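Q: Letter by letter, the chains look like this.
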Amino acid sequence: MRTQLSLMSIILPLIPYLIVFLYGDSVARVISLIFMGLSLVIGVVGVMRGNPLAESLIAVIFISLASVLSSGYLVYSTSTYILYINPIGLTMLGYSIGLVELAIVASMMLRMYNRMYGELTGKGYSEDEVKSELSEFTKNVMGMSLIVLAISILVYLLVSSVAVTVIDPVTALVIFLIIYVVLLRYVVRVTQG
Amino acid sequence: MVKESSKTIIILSTLSMATAAVALLSTVKPMVIGVAFPLMLAALALMIENKPRVNAVIEVSPGRIYVNEDVEVSVRVKVTGGYGIITIRAPPRPGSTEAEGFELVDGKNVHIVFKGFRDVEKTFKYRLRAVRRGRYELSVLDYTYHDLLGLTTPIEGHVDVSASVEVMPRVKLITKATGIIKPREAFPRTPLSRLGPYSTEFRSVREYVLGDPYRFINWKATARSPNGNLMVNEYEREGLRTILFILDSGRWMRYGTWEENPLEYGILLILSLSRLLLRYNYNVGLWTTMGRVYPSSGMGHYYKIQRALMGIEAKPAAYINDPALRVMVNETRPLLIMVTSVNNDNVNWLSGFLRSLPTYGILLDIIPHSIIMKMSLPDIKCAKALALDRVRLYGLMPSRFRILAWDPVCDGIGPITVKVLSNIGWSV
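Residue numbers (the numbering used here), protein chains in the order written: chain A, 1 to 193; chain B, 1 to 428.
Warning: the hint list may mix true and false statements.
Unchecked claim - Among chain B residues calculated to face chain A with C-beta under 7 Å, some are:
hint	residue
1	THR27
2	ALA56
3	VAL105
4	PHE114
Claimed, not checked - Pairwise CB distance ranges, derived in the manner of DEER restraints:
hint	chain 1	residue 1	chain 2	residue 2	range
5	A	LYS123	B	LYS125	58 to 68 Å
6	B	ARG402	A	LYS123	15 to 25 Å
7	A	ILE11	B	GLU103	42 to 52 Å
8	A	ILE34	B	GLU103	52 to 62 Å
9	A	ILE11	B	ARG127	41 to 51 Å
10	B	ASP106	A	ILE11	38 to 48 Å
11	B	ARG127	A	SER135	21 to 31 Å
12	B	SER61	A	GLY118	30 to 40 Å
13	A	GLY118	B	GLY95	22 to 32 Å
14	B	SER162	A	LEU177	50 to 60 Å
15	A	ILE11	B	SER162	45 to 55 Å
As the list claims (entries may be wrong) - Computed footprint of chain A on chain B, listed as stretches where at least three residues anywhere in the stretch have a Cβ under 8 Å from a Cβ of chain A:
hint	segment
16	38-48
17	69-81
Derived by calculation from the structure, the hints in this document are not laboratory data.
Remember, it's a predicted structure, so these values are computed and weren't measured experimentally.
The beta-carbon is built from N, C-alpha and C at its ideal position, and this holds for glycine as well.
The task is simple: from the sequences and hints, build the whole structure.
A: What follows is the structure in structure tokens.
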């Protein structure tokens, strides 16, 4: 399972770069190639060191920059494209963030797998048993994450099919922030309790 | 400082918030997926119950073994509730007496279990080899629970289980290995000490001691006594010769390793001699700080002695000071075999103790020098030269006791058994 997790952690974050490379202009292509190379190196080194989370986080930053610089309020207010990605590419880039986040989960699972494997085999646990149980655990979590991702896509499709006009973007952000703070308070309570 | 355990959830929620901000700025609608996915995952992780219930049953087979024999341990574990990884450590717990008394020879007593949405039931088997005699209780199963995504710090807990194992010392049977050994008389009915019903044969008048039958009180002698002490008649007893072992369990008996020390060798020797003496119809008794076995005969009595010796451990201040012992010695005048390890710490007590017992006997001094030497210099097998200083200590002992020194590394149990037997009147 470690190999699968490593591959997921390395390959999934490369998808946004490919999308930009395929649907972007020449500048976007060059930037995506540079980021892809950098990301790949960081990913491989991360896997070798047992923690490839950085590659996925760079991919999230790249998606964010590419999206913000090629569409939305910044482009609208400056009337200039810094990067050009065509609308299909932008939509696909939006979808790809789900896969990058899945890679983040895979990276966290790989880190947990490596940490527990080293710790437990060092304490005299059977290597085969540790491998088998950790693999079962990671398989289960990744399966659950895939289901959650599928549900998220369905939620998006549902939301996008219903036109909501009563909430402006700033109100939506405030509502989201409130939910975020409530959630964090709950997390802190759970972790401390 | 952010706790390691809450990092995961913070990463997920921060990711969700950052993606929401980007989605808002860029107006790329599918980015909602990137907002919803980490939030839903975090919510799911928080909703899952994070307190597992662990039940365990332990079985050992067989429940009674000899040193160097194996026992199979079977542990059935059932986990309900929770979602994550559970590490289990079945007994013996490191650092416990059980851990020192056994070694793992097959399988593992540490296991890892993944607990998904369904209940998990697993059975683990492993074999333990007993390295030291004793009564052991395999009693605690420890577990550590690591929840999904590491939201909380690992939960540590334990389950009380119970299975006991009796490890009996492996006794070397002395028969003909060192020549033919047998008592000089086929039925030793005449020697000094006996234990059995009182005969009518008068022996002497002495002071009353606790346990004397009232019918033996000699009122005339009591009236004549200058201090007004109660006097009793003493009669010869019928029966066989009585030998009483007294095992010292002071801290000096623990010098050496856990498995090899004067106490362990003393136990082996007592068992070996008891078996032989009981076979020839002697009355054999045992006195220790942790219990006593009154002299009796028959091979069934051997197991009583064995059971009494099983649980003996060396204690810092284990001095025998039992009035019942004096009564018994007074009554039966047994031949005493005091098993100890003479040293500067106990020599005064030992000397006084032996003087207080009005009978004859053997002082068996188990010398730990070679055992200790073997721990650091395994090539040197026997260090008899180190025991020379004991002559001074032996001089302090009452002359009624013959002193036999025994270095278990230099001489096996056979030669010392023969020495003891020849000193109690056997032909060797």
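Q: With a cut-off of 7 Å on the beta carbons, see whether ALA56 (chain B) makes it to chain A.
A: violated, 17 Å
Q: Could one say that the CB atoms of ILE11 (chain A) and SER162 (chain B) fall in the range 45 to 55 Å?
A: Since the Cβ atoms of ILE11 (chain A) and SER162 (chain B) sit about 52 Å apart, the hinted range of 45 to 55 Å holds.
Q: A range of 41 to 51 Å was offered for this pair. Does it hold for the Cβ distance of ILE11 (chain A) and ARG127 (chain B)?
A: Given a distance of about 46 Å, which is inside 41 to 51 Å, the answer is holds.
Q: Just to make sure I understand the rule, a stretch counts as covered if three or more of its residues have a C-beta closer than 8 Å to a C-beta of the chain. Does the segment 69-81 of chain B meet that for chain A?
A: This one is violated; 0 residues, fewer than the three required, reach chain A with a Cβ under 8 Å.
Q: Per the hint of 52 to 62 Å, is the separation of the Cβ atoms of ILE34 (chain A) and GLU103 (chain B) within bounds?
A: holds, 60 Å
Q: Does the Cβ distance between ARG402 (chain B) and LYS123 (chain A) fall inside 15 to 25 Å?
A: violated, 54 Å
Q: Is the hinted range of 22 to 32 Å satisfied by the C-beta distance from GLY118 (chain A) to GLY95 (chain B)?
A: holds, 24 Å
Q: Take the shortest C-beta to C-beta distance between PHE114 (chain B) and chain A; is it under 7 Å?
A: holds, 4 Å
Q: Range hint 58 to 68 Å: satisfied by the CB atoms of LYS123 (chain A) and LYS125 (chain B)?
A: The hinted range 58 to 68 Å is violated for LYS123 (chain A) and LYS125 (chain B), with Cβ atoms some 20 Å apart.
Q: If you check the beta carbons of SER61 (chain B) and GLY118 (chain A), does the distance land in 30 to 40 Å?
A: holds, 35 Å
Q: Please count how many residues of the segment 38-48 of chain B have a CB within 8 Å of a CB from chain A and say whether that reaches 3.
A: Result for this restraint: holds, n = 8.
Q: Is the shortest C-beta separation between VAL105 (chain B) and chain A less than 7 Å?
A: Interface hint status for VAL105 (chain B): violated (14 Å vs cutoff 7 Å).
Hint compliance for this structure: hints 2, 3, 5, 6 and 17 are not met, and every other hint is.
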